Every structure is written in C-alpha cells, then in structure tokens.
Amino acid sequence: MHVLLMLTYYRPHTSGLTIYAERLARGLARRGHQVTILTSHYRRNLPLVEELDGVRVVRSRVLFRVSKGVIMPAIGFQAWKYVREADVVSLHLPQFDAAGAAFRGRLLRKPTVLTYHCDLKLPGGPFNWTVNQVVHVMNTLAGLFTHRIVAYTQDFAEHSPYLRRFAGKLRIIPPPVELPDAGPSGAAAFAKMHNPENKHPIIGMAARLASEKGVEVLLNAFPRILERYPDARIFFAGQYRNVIGERAYARRLDPIIRRYEENGQWKFLGILPPLHMAAFYPLLDVLTVPSLNSTESFGLVQVEAMLNSVPCVASDLPGVRQPVLQTGMGEIAPIGDAEGLAEALLKVLDHRLTYLRPRAEIAARFSTERTVLEYEALFEELLES
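Here the sequence shown is numbered in my numbering, starting from 1 and rising by one per residue.
Hints are computed from structural coordinates only; laboratory data are not their basis. A portion of the hints provided could be inaccurate.
[Said to hold, decoys possible] Calculated cross-link-like contacts (lysine-lysine; reagent style DSS-like; alpha-carbon spacing at most 30 Å):
1. K199 to K347
2. K81 to K192
3. K169 to K267
4. K169 to K68
5. K199 to K267
6. K192 to K68
7. K199 to K81
8. K81 to K68
9. K68 to K199
[Stated by the list, open to error] Distance windows between CB atoms, simulated:
10. F64 to A360: 46 to 54 Å
11. G264 to E381: 52 to 60 Å
12. R31 to A191: 18 to 26 Å
13. R106 to G186: 43 to 51 Å
14. I172 to E262: 41 to 49 Å
The structure displayed is predicted, hence computed values, not measured ones. Built from N, CA and C at the ideal position, the CB exists for glycine as well.
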C-alpha cells in the first residue's frame, strides 16, 4: 500500500502532531508499506527531498509565513502528483492545505482519512482572528471531502464542535506512544548531569513554550509548592527559544522564569532526543500538563511519563484528562487555576506511591503498534469499499 501523509510541519520540527505523524509513518513503513510525507520546507537548510527511516519526505518551498502557518505556492501541483501516486491519503489537521488535498482525493477516487489533532486558536488580534476563520473554513471543507475522520479519544470528539459536525465519519484511534529504554545507567547519568545535588521533588513539563500550554499557571502555582517542598524544582523539556508565533509570550514570562533560574529552581533542558527523553522521565516526581484550551487534545507526554512510573497532573480538558482518568495515575486540575493546580500537584507529591500502576497495564492501552494496526485496518476497509 502506498500511503501519502500530508501535514504543515514535519521533523525536525517538534510538536505532538509531528511526533504522532512520524511514529505513524515509520510504523507503516516497518510493516512494508510505501510512505510519502508531503510537508513544508519551513527551514531553508533542510533538503527538499530525503528519506528518513524508510519514509520519503517531500518538502514544498515556503513563500512566506502567516502567523503559525506557511504559504506554499507549489503545494497544489505537488498534491495532484502525490495524491495520484498514492493508494490512500492521510491528512493531519489543523492544516490550511488539507481541503485542497481532500478534494483531490475525492476527484481521483483515493480513500482519504483526516486525523484531527486539535483545534486552532491563535493569539488575539484582528489579523490572527482572520487567519483563524480562514483555517476553520478550510478545515470544514476538508471534513466534507474526506471519507473518514480520526480522533484520539471519544471525550475530545464529543466536546469538539468540529468533530460533532462530522460524527458519522468518526473513528477513534488511540495515539502512538513509544519511547526507547535509557536503562538504569542512562537515567543515572542524566540525573547526575542535570540534578547533581539530588534535589527533589522535581516537577516536569514537556512542551513548547507556547501560550496554550499554561506555563504561567505552573509559575503561579509554584510558590505554594515551595511552601511545603522548599527544594522543589521545575525541569522544562522542549523548545523554549524562537517558538513560532510565541516570542511575545516568552518575553512576558521571562522575568519570572529568570528569577527561578537564578535560584536554581527552574531549568530549561531544550529539545531532547528520544533517548534523553527516556532518561528525563525517571528524574521526575510528577509531570504536569496544565494546558489551557482545545489546542491540546491529549498530551502524549503523559503516557510516556506513566510508562516510566511517573504520575501526572493534567488540566480538566476533554481528551487531555483521559490518560489520568483511564489509568488512575494522577490527578485532574481545573483549567487555568493556579491554586487548583498546586493542590493537585501537592496531593500527588504527598502520596506518590499510591498513584503508580504496572508498566504493562499502561503499555496495553497505548502503543505505536496498536495505532498503526488500527490505521492499517481503516485504510484496507476504505480500499475494499
């Protein structure tokens, strides 16, 4: 089977969406399928065409950026070419260009599956409002043209106006989760490098420094944590410099974060490769996902943490709360409520051992293999019909 995956940003860009697409593409390739990624040439030093882990990656030239998106003049021509070559088309939204690709899939009678990762909610202002409306229209057209729509959880689907509109096309497929084994020596070396004084508890975040991630909620909750745990630390894994569309947000938080950094209470670790992420989680006492809105629909990092015996505190957002609710490995905090987040974190830190579950129990619910097999079955079902 030749599968075309299309999304705005692919690796080395780091986000939950790109990691999901990468795991799906590599998993399909491992099962013998031919996989092509059509994405943006968002960084000029990246090759226009390359093969990564058995997956062909084709990048379309970018003319200019629009907020967090890009304009690619040749994407329409390339979509015709690669949709025609494919047996199945897999589109990953939010994506401005998905409507055109889904329309081509209909015209060329190619089964088209749309994976709806999250809503798009850009920062305020008339320009971003206009961009939001345009993308919403294009997403709606993509939903009309596509044959099936995949969501991570029934919880998110039931609360999403977009997904409720297309309930008849919906298929729930759990997201792909995988992490290499850093081993005891790798975890110990990582801990020695980043926490040589062995200060605890350590609260982890794994995200981009972006306004929807709720970093300021954690910052406002932290003084309450320090009252009970004076040696508490926050370790932030992920991109924190030059995040697309988030520089003003970073500047706003910088004075507070800088103060905690100077006191040794906050540490930026940057973007970590998978093996280092696997060593990062065992260092933590708790991971938090204090996201603020439906631009977050799950939080893959929660499951990765749970696989490493780290409980989580997540916002009470549809989809985002599901890893904790399904496993019992953590607490749910009110959205945007620093006091509520502090209470949930303290509850987990005070009774951490009661939240732990067997690794096998978590792995049975979430794995890349399961996700790939369910996509494969969906693709074959559409091809047969």
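A quick look at each hint next to the structure:
| no. | hint | in the structure |
| --- | --- | --- |
| 1 | K199 to K347 | 19 Å, holds |
| 2 | K81 to K192 | 51 Å, violated |
| 3 | K169 to K267 | 44 Å, violated |
| 4 | K169 to K68 | 28 Å, holds |
| 5 | K199 to K267 | 12 Å, holds |
| 6 | K192 to K68 | 37 Å, violated |
| 7 | K199 to K81 | 56 Å, violated |
| 8 | K81 to K68 | 26 Å, holds |
| 9 | K68 to K199 | 38 Å, violated |
| 10 | F64 to A360: 46 to 54 Å | 49 Å, holds |
| 11 | G264 to E381: 52 to 60 Å | 55 Å, holds |
| 12 | R31 to A191: 18 to 26 Å | 36 Å, violated |
| 13 | R106 to G186: 43 to 51 Å | 48 Å, holds |
| 14 | I172 to E262: 41 to 49 Å | 46 Å, holds |
When the structure is compared with the earlier hints, violations turn up for hints 2, 3, 6, 7, 9 and 12 and for no others.
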